[in-house]
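Visitor: Here are the chains, one letter per residue:
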Amino acid sequence: MKTVPHPELTLGLLALVTPITAINSFYAASYFVLYGGTPLVTERVDPIMAPGVIGSNHVHEIYGGSGFQANWDYATAQNSQCNNMGPKIDHSNYWYSALYFHEPGTDNYTRVPTDFQIYYHYDLLPSGEARKPFPHAFKMISGNAMLRHNDNLTDLSTESIRWYCHADKSKGETEAVTQGTFAPGTTGCSGTDGFSSEIWFPFCHNGAGFDISKPTDHVIFGNGPDGTPTHQGGNCPTSHPTTLPQLFMEFHHTVSGFKWSADQNPWVLAQGDPTGYGMHADFASDL
Amino acid sequence: MACTLISRVTFKLVSEAAANLSQVNGWEDGFADQIAVDPNDKTKTVCNVGESGADLSTCFEMLPDDVKKSCTVASALTEDVVGPMTALAGCNPIQSGPATATIVTTCAGYKAGALAAGSTIGASDKAPTTSSPALASSLSMVMQTGMPSNAPVNNQTARPVAPIATASSSPAMPAPFSSSPPSSGGIPNTISVKDFKGATETWIYQGCYTDLIPNRDIRTLKNWGQGATSSDCANSCIAMGQSIAGTENGGQCFCGNTMAQTKKVSDGDCNMACNGSSQMCGRSGRLQVYAKEGTNLGLKKRSNKHRHALNMRSDV
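Chains as they are written, first to last, in the numbering used here: chain U, 1 to 287; chain C, 1 to 316.
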């Protein structure tokens, strides 16, 4: 069998620097948080990057409306019987690459139980206007499953991702937080919020729909105070002028059942990524 | 009499025209109906959950907590995803980088994913001007493994979905195949099924519809379910998170959340008895459809004064 080039791409180089006079005050903000708990289903299905396929490349943990299926579309999701995020009207689906513990010295992989929160930031623009809603069936991804290094020089995947180990220092644990890759040098993450990860989504839309051959072209990050792209907040460039809500996903991984030492980094994402740089997540809107 | 249209086909490989909707007048539906996105909008509640820590129920009508927590979907595959296991599911050897990883397909025993029944890769709302090269090669890889695109995907088992949170006090998932009491036969007007919470629901007969119209590769209800009668079929559809069930050809079961590409025909067309029952289960090319009351089948209705322009073959 020939190798199929994976359609996931890096986030493209972002738009030109544009002079700005004001930046939307991100922290003055309006947002709400939906809490997902345990997933709707955990399976190798990816309606965005492998539509219609039963058995996509790697395992995802999936949240949201029960209408989720490989052939995801707006109408199907609207007829969801329930959703596991809470608001009745939210039939959207959210998914990300599952995290596994690779027991050191063995061939054993065990899924790390994870729960999920999503923040919808809908703060006003500097002009005072409200953000625009997600178009029906809007699809986007953040991050790059195939990335295995820090891409800060070329892209915003790494900058939009954090891995945390919140330590209980009374147990001699080491706190660690890293951009893009698994936090090293830890032995246990028993502090409040424990072992967690997070990722920001782009939100500047050019009006186009999702195109699987160019999956990150239609929505990009905003520009910060210095006019260069930033992972959090910012103003949308003229190439992508529609400001959508900015999504922020946060994951809490229950690692209390696992044992590892400071020189080991036993975490692996479902696509075979032992670095954490390949963290990525998907959103398919069905409000 | 309703005149059905071919409803939206699932897949879009090219830019979606629909993406341009809903941008004109601000928030048109969804959570903007329920909260004031603009703080100066006095007609709606300002949702201050983020800042004030107020409960989400002050912003949105929320599902009951037990419904939310027990909301799960049966996996479309039967592989282990929890472990401990000796390799990650799929073909995902460890690639540590720093070079960008590649897709590998040469793992022992690995079979590429198959298209779900009813998948319409290649179709679009409008004729695609280009097809995605990545998707086309994915499709050709699927074809090379000998899995035709419209073959039933055998690993779509409609297993009962167990709640993961064992601490939940909500009832366990219903047994999927509990039939309703035998009726006098024919086409029951209503069937009794169990929902996620184990409560009994009544699903209502929606009519006899064609399947595989007009394109023989596209099923009206996309997912294969299980069950010998309409009740069994509906129970397995609920377990898959689907709200529409259709039996066909005396014992096939299909599930979906919307119906595509079909037309309603005379009830008399659904006249093949289910295996071992006096009830009917559709016929060859005919779906006997049930859905929960109020479900939107996804069929567009037109005035019966018009016949729409699409070709409607009646000879299937």
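Worth flagging that the hints you see were computed from the coordinates, not collected in a lab.
A hint or two may mislead.
To be verified - Simulated crosslink set (DSSO-like; lysine-lysine; CA at most 30 Å straight-line): (1) C:Lys197 x U:Lys88; (2) U:Lys169 x C:Lys197; (3) C:Lys111 x U:Lys88.
Said to hold, decoys possible - Some chain C residues close to chain U (C-beta under 7 Å, calculated; not the full set): (4) Ser75; (5) Val82; (6) Ala273.
What the hints assert, rightly or not - Chain C stretches covered by chain U per the calculated footprint, using a threshold of three residues with CB under 8 Å from any CB of chain U: (7) 57-65; (8) 186-195; (9) 198-211; (10) 227-236; (11) 261-272.
Glycine included, C-beta positions come from ideal geometry on N, C-alpha and C.
Visitor: Next, verify each hint and record whether it holds.
Guide: Evaluated hints:
Using a Cα cut-off of 30 Å, the hinted pair Lys197 of chain C and Lys88 of chain U holds, with the two alpha carbons roughly 16 Å apart. Using a Cα cut-off of 30 Å, the hinted pair Lys169 of chain U and Lys197 of chain C is violated, with the two alpha carbons roughly 43 Å apart. As the CA atoms of Lys111 of chain C and Lys88 of chain U are separated by approximately 38 Å, the hinted pair breaks the 30 Å bound. A distance limit of 7 Å between C-beta atoms decides the matter here; for Ser75 of chain C the minimum to chain U is near 4 Å, and the interface restraint holds.
For Val82 of chain C, the interface hint holds, the least distance from its beta-carbon to any beta-carbon of chain U being 5 Å, beneath 7 Å. Interface restraint check for Ala273 of chain C: the shortest CB-CB distance to chain U comes to about 29 Å, outside 7 Å, so the restraint is violated. A count of 5 residues in the region 57-65 of chain C with a Cβ less than 8 Å from any Cβ of chain U is obtained; the coverage claim is therefore met, three being the minimum. Counting residues of the region 186-195 of chain C whose C-beta sits closer than 8 Å to any C-beta of chain U gives 1, which falls short of three, so the coverage hint is violated.
Judged by the Cβ-Cβ criterion of 8 Å, the region 198-211 of chain C is not covered by chain U as claimed, because only 0 of its residues qualify and three are needed. Proximity of the region 227-236 of chain C to chain U, defined as three or more residues with a beta carbon under 8 Å from a beta carbon of that chain, is not established by the 0 residues found. For the region 261-272 of chain C, the proposed coverage by chain U is not satisfied: 0 residues have a C-beta within less than 8 Å of a C-beta in that chain, short of the threshold of three.
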